[in-house]
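S.K.: The chain contents come next:
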Amino acid sequence: MNLPVSDLEACLALLAAWGGIGLAGLLRPRSLRFAGRTLFPLGAVCGVGLAIVAAGHLGQPPQSEVLPLGLPGMPFHIRLDALSCVFLSLLGSVSAAISVFSAGYFRQGEGTLPGLLCLEYHLFLASMGMVLLADDAYSFMVAWETMALSSYFLVTTQHRIPEIRAAGFLYLLIAHVGALGILLSFGVLQGGTWQFTFDAMRAAHLAPAWASVAFCLALFGFGAKAGLVPLHVWLPEAHPAAPSPVSALMSGVMLKTAVYGVLRVTFDLLGSQQWWWGLVALGLGLMSAFYGVIFAAVQTDMKRLLAWSSIENVGIVFTGVGLTIVFKGAGLVPLAALSLIATLYHCLNHAYMKSLLFLGTGSVLHATGERNLGRLGGLIHRMPWVAWLTLVGALAIAGLPPLNGFVSEWLLLQAFLFAGDVPHTFVNMLLPVGAAVVALCTALAGYVMVKFYGVIFLGQRREAGLATAKDAGVSERLGMGALALGCLVLGLVPAQVIRLLDAVAHELLQVPSGRWGSQWWLLAPAAARQASYGPLALFALLLLTMLLTVYGVRLLYRRRERRSAPWDCGFAALDARMQDTAEGFGQPIRHIFEPFFRMSRQLPAPDDEHPVYRVTVGDRLWSVLYLPLAQAVHATANLVARLQQGRISTYLTYSFATLLLLLAFVL
Amino acid sequence: MTPLAAATQLLEVLSATLAAPMFLGWVNQCRAWLQNRRAPSVLQPYFGLRKLLHKDAVLAENASPLFRAAPYVVFGTMVVAAAIIPSMGTGLPMSTAADGIALVGLLATARMFLSLAAMDVGTAFGSLGARREMMVGFLAEPALLMILFVAALLSSTTSLPLIAEGLSSHVLGVYPSLAFTAVAFVLVLLAENARIPIDNPSTHLELTMIHEAMLLEYSARHLALMEWAAALKLFNYACIGFALFLPWGAGNEASGPLGLLLAVPLLAIKLVVAGAVLALIETLSAKLRVFRAPEFLATAFLLAVLGLLVHLLLGA
Amino acid sequence: MHSLSLDLQLLNACAALLLLLSFSMLAQRRTVTLVNLLALQGALLVGATLIVAWRTGEAHLYLSALLTLALKVVGLPLLLHRLIRRMDVYWDTEPVINPSATMLIGLLVVVFSFGLAQPISALASTATRSTLGIAIAVILLSFLAMITRRKAMSQVVAFLSMENGLFFGAMSATYGMPMVVELGVALDVLVAMLVLGVFFFQIREQFDSLDLYHLETLKERE
Amino acid sequence: MELILLLASPLLGAVLLALYGHGRRGPEINALFSGLTFLAACALTMRVIAAGSLLLGREQFLVDPFNVFLVTLTAFVGLTTSLFSRPYMRIEAEHGRLSPGRLRLYHSMYQLFTATMLLALTTNNLGLLWVAMEAATLSTVLLVTLYRTPASLEAGWKYFILCGVGIAQALFGTMLLYFAAERVLGAAGVTALLWTHLDAVKGQLEPTVLSLAFVFLLVGYGTKVGLAPLHNWLPDAHAEGPTPISAVLSGLLLNVAIYAIVRCKVLVEGSLRSTLPSQMLMGFGLLSMVLAAFFLWRQRDIKRLFAYSSIEHMGIITFAFGMGGPVANFAALLHMTVHSLTKSAIFFAVGHACQKSGSQLIEDIRGLVTVSPTIGWGLMLGSLAILGMPPFGVFASEFLILTTAMKLQPWATPLLLLTLGVAFAAIFSKVQPMVFGETTARRLPHPPALLPVFVHLAFVLVLGLYVPPYLAGWYHDAARLIGGP
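Chains as they are written, first to last, in the numbering used here: chain P, 163 to 829; chain X, 61 to 376; chain U, 4 to 225; chain H, 355 to 839.
To be clear, the hints were calculated from the coordinates, so they are not data collected in a lab.
From a predicted model like this one, the values you see are computed outputs, not experimental measurements.
Please note that a few of the clues may not be correct.
Interface residues of chain H toward chain U, partial, derived using beta-carbon atoms under 7 Å [to be verified]:
1) Gly481
2) Val485
3) Val495
4) Tyr501
5) Glu508
6) Trp511
7) Leu525
8) Met529
9) Tyr532
10) Val538
11) Asp553
12) Gly557
13) Glu560
14) Thr562
15) Val563
16) Phe813
Backbone N, C-alpha and C fix where the C-beta goes; we use that ideal spot for every residue, glycine too.
Let the sequences and hints guide you as you build the complete structure.
M.R.: And the structure:
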């Protein structure tokens, strides 16, 4: 980019522009037109700009600057390098699409005023950008917590509903505790030099034990934000609570900032990695992936389902991170690069797919006012745009070629497959099992998506009200369309994208760049002999065969076709109630993975007039981990409260005892 | 790509597409013999397809475009799958574009569209079938993937033709890992192709059917394409099996056109035997309850992973 | 006690009496008597101060003696007596800990404070250093008394005797504090007394008694 | 000159308001004098910035970087609080909770209280420091009992007795200090209690005596700081007094008490050449934090809640001073500033909220944003700020303290983590439904004075993002002054 200003300054200016747009919202806080017609599109423009600048900077040397802000002696440092570029372009592009969608999405009288909402929204975007640019602990933490705060306010937009308030509280609490963890990790990293710049941290060489402490704290903190099991409990609460564009942002982009943090701390700030860290991350990742997907399969609320699927994808991403650390720690740098690329690619993919799906649910929600899968169905007839665009997302997230979800899965599996020569045998034994779990999760994701899509959009309407549902407006279609296009592009030309991503591997792992085959259409991680994937050709062939088939059939037999009632096998009264419900669709999973769920069934009695069958599925970890914690705190509080029992002579005794004790201690 | 490669590619696709129904017919014939029934002709499936293609199509009222597109997608995927499985020659240009993992992905795509189409009309059976199909799928797919992994590790590549070559170039020896995976593969094949003991292609008993339940609403050309795709799927699976476990005799650049010509009868023989064995297995085993299906497939998955571990342990 | 000059002997006697007084205050349950004891304590304090003043010829000590006389021997006791009469609180109820136990604790406290004073008085240059331990003992004993009391009135009396202990300590360790401080402290004590007076009436009109168990409602545990 | 004005104007105000405090313009006069004081403080600050630390009034008064910014802070918060109390007290009077007489008492005592605090801050004489502290207690006791409710009387009584006893210990401590000093500086009694002189010779002071003295001083002034387990008066006094008083008590008085402790710590540490005082401070700090966090968990009364949060933050500050070193001291000073600003802002907002819903109980206050967004957001932002959410200044200091602790005292960090987590959960879970959700509040005759709230929050916000150089200079000088390991 040959701008008069450096790329870094350009990014900064765009972030500032976001802030300005947000503040502008306060000018006319009650005007929905102003926010929707003017501000959100402007925000989208900024997003596109950011994406372009950041992507353009990839592969160029890092730039850094110092801002005249911050504490005395520790001003804000900012830096633009390959890693932050990748995530910035992710943020920019995805948020642009979401802003376009939001321009038509928000309606009047939904809790917070439009102007305020606009402020929170753009503050959220700007703070995420700042997180990615920050180059010292203080500015990072400030941006990080601002991000949490603004998203909290966005989540509690409809604050009159108690559940939503509860969700927001849980979210902010876990986010804050996580942030404290990150903060302590920085405390370790700065290693005695009271310089909190990342440069100083890179320079500081920690003892292995301290390095491990720092890593674990960072993993805890960022894992809490990413929704890594067992710190995931806020996620299925907060995502459904938030307005859909916000859910899309949180799931699509915010979770990725956590991944960014882990990568930054592990590969950039911590000089050398120990391979067992990788196993920790790998284990947690696989656990989250599996846990997330099986819970997604049994959900009945569409946004909750997507939230759980986000947990699954975060799990897969962390699996990739763990794999990278293992390889790096074992000195297998090319493999580390491969899995790092896979990780980044999956971050990109998930950002697009999941945002697309969340936006789809948003449109459905507005059209029908219904989040419960049990009351939806057959929407493909009423809202074809949303249906077909969502289909793209669903297929992509199920990891089907030639869409983008498959690419990252493919890369990750390649990394697993050729892990053969890690110097620790039992790790060698473990990794295939990991691969198996990943494969299982992807297959289950397919299951989940069939349920999600089929129940919402296909079949017959489960409620009469759905007959009047309206398709999404223009701007909403545009937003979703952009994301769907992104999914397709990421799926079809992975080689190009990866050549861009390779700059990160080059920067973090010091591998020589340009190891990615010669053909522009072919993806060949190691040697084309070993493994290669050319989605474009595959897609072309697929289209060709399908067209030929259609043409052939038309050519040979042109016959009429007529419509009639579906076959009811002689039982006349076949109605919408008889198709499979969401619960029914989840039944096999509940059946197979029973030990993981906390289920309470309500079975009808044989002589019931109106028999009801209800099953509610709960999270075991909640009752195993969190409730005891809360109870412990409560018990302690009650214990402590005994100190304060109102009698003045007791208080005097405290003082007296303290005095005597201290005196005795001194003497 | 060389003309030979092009020829191989074309030959493979065409032969697979055209011969698939016959293989199905052969299997049915063997089953009939084994059950002491008068056997239908090997060409019976072709007659069926022809008849269906001549009929008027009947669609349910609320069938959406997706319902009508699905047959073409499924059929197309199966054909593409056929194009990357080295049944006769290993010099397949397409195989650089799609390796084993992609193959599994293609099969998954077909399955997903089939299930979505089944849910589209919104009858009880359709969605029931879709659910069961996905239930079978989410265990069968990773199992198949693991099976491919073993082979891939043995020949350190994921591209199917290269795997086939690599395995065929090995000296004839005992590969315990392959033994495990072979069993796993047979189980997966049975499950994925709706054969006994998981499903019964020749029944329409509501409580047990899976594949047929999804096709209930299809008629005429759509049904024809679906049936054809099913036959093709079976054929593909058979060929995968050959490529992994009986890789010998596939022609390649070295052997030239002659090798290719030799490969054709060889494949035919393999198919005949395989069909007979399949029929035998089906006749000897009894249909499982649907709830037992996961255990069946879990066994397959387990065996495949075991094969992988055994390979890593023994290096063979 | 061989070569001790008369004044020092007198001073030590004062100190011993002070200690005795604070013990008796620990035991005493009749508020009027408590106040009298307080006044007596004040008087002893004055005496001690005068002795020291005479001995060292420090002018400001005379002044502080005068202050003490005015405030602690005359002023406060009178005020307290009037209050007692106005709101007839002649008796304190049973103390929190029973007297004999309190005595024992008090004994330990005395031992402790003597031990505490040891290193200090070892350093002290003043002739009166040996009495520092007693000063500390008086302070801690009146602390103890405050703990054990249940009536606002007697608690205040104990508080004042603690002030006396402080003065005695200051006097015996360093011949008193600088004048400005002495004045300030005296002022504070005076104000405190006035505030207390107001307080008593407020408490009275609220609870029509000075029992402290009315003042045990603000607490955390239910 | 400025100093005289600084001390005289509140005293004059006290006298004047003692006569006219009940008049219609009473609140305005009050604000006027506070403003005057603030101007004086600013002038003084200017001088210190220009000329560095200076001794005044025959060495009786000392103004150095450490106390001058506290002086300014005190004057400033005094001013904003008086502005806040204008409408607040009017409304209270109209609800018939206050008679004119008590209004008069309130106003004059308010000024007196300011005067005593300023005296305590500016004096160089440790004895006078004690006198001023005691006077501060006395002047606020009657303010705590202003409403004459049984609860307020009880609170006042506890406040009086506990602080009185505590402060008595402090006097003995001062005496011991004097005793030790006299042996070095000679019997010239006048100078022996002047901090500057003591500081000069602290190396030669007798360690054993000073350690004893420090114990007495710590227990004494610590009672006023509200360090657990000496804190028991604090929540009662804060909850039962009128809100402006709660604001200045926890915003200013606690600071002054900490100031006293730190002054003494400097001397004692200088003579002991051991970390004993630091360890004591850290211990008290941690204990207060942890206990306060758990007390927070089960509060029902909003003012009590924030009183305990004050204890928690005093714990943090004490802990930081205990750790010592330039960074920690700097952090502690910063924390003192932002805490007093934030906490008083919160109390302003809480005061209006309580008036709006006619109750101090948390479950009676609901959905403030819907009825008066400004108060609601003020409370929400204030609470988030006090919970250490960036970009507010509290976060800045907590950031420094936590990272320093991670380096110097790793063993303490789990406790810190626990405390902050529990405190966050406790406070936020209570504030959120007060601000959001369906409302119970009502309209009020007088428009609330929201300027103070948002001015304070703005300052805190700025301090979180940008500390102006001269302010930073102050902090650094002060931190160096305090020193430590």
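S.K.: Each hint should be assessed against the structure and marked as holding or not.
M.R.: For each hint, the structure was consulted:
| no. | hint | verdict |
| --- | --- | --- |
| 1 | Gly481 | 3 Å, holds |
| 2 | Val485 | 3 Å, holds |
| 3 | Val495 | 6 Å, holds |
| 4 | Tyr501 | 11 Å, violated |
| 5 | Glu508 | 4 Å, holds |
| 6 | Trp511 | 6 Å, holds |
| 7 | Leu525 | 5 Å, holds |
| 8 | Met529 | 5 Å, holds |
| 9 | Tyr532 | 6 Å, holds |
| 10 | Val538 | 11 Å, violated |
| 11 | Asp553 | 18 Å, violated |
| 12 | Gly557 | 17 Å, violated |
| 13 | Glu560 | 6 Å, holds |
| 14 | Thr562 | 5 Å, holds |
| 15 | Val563 | 6 Å, holds |
| 16 | Phe813 | 33 Å, violated |
The structure shown violates the earlier hints numbered 4, 10, 11, 12 and 16.
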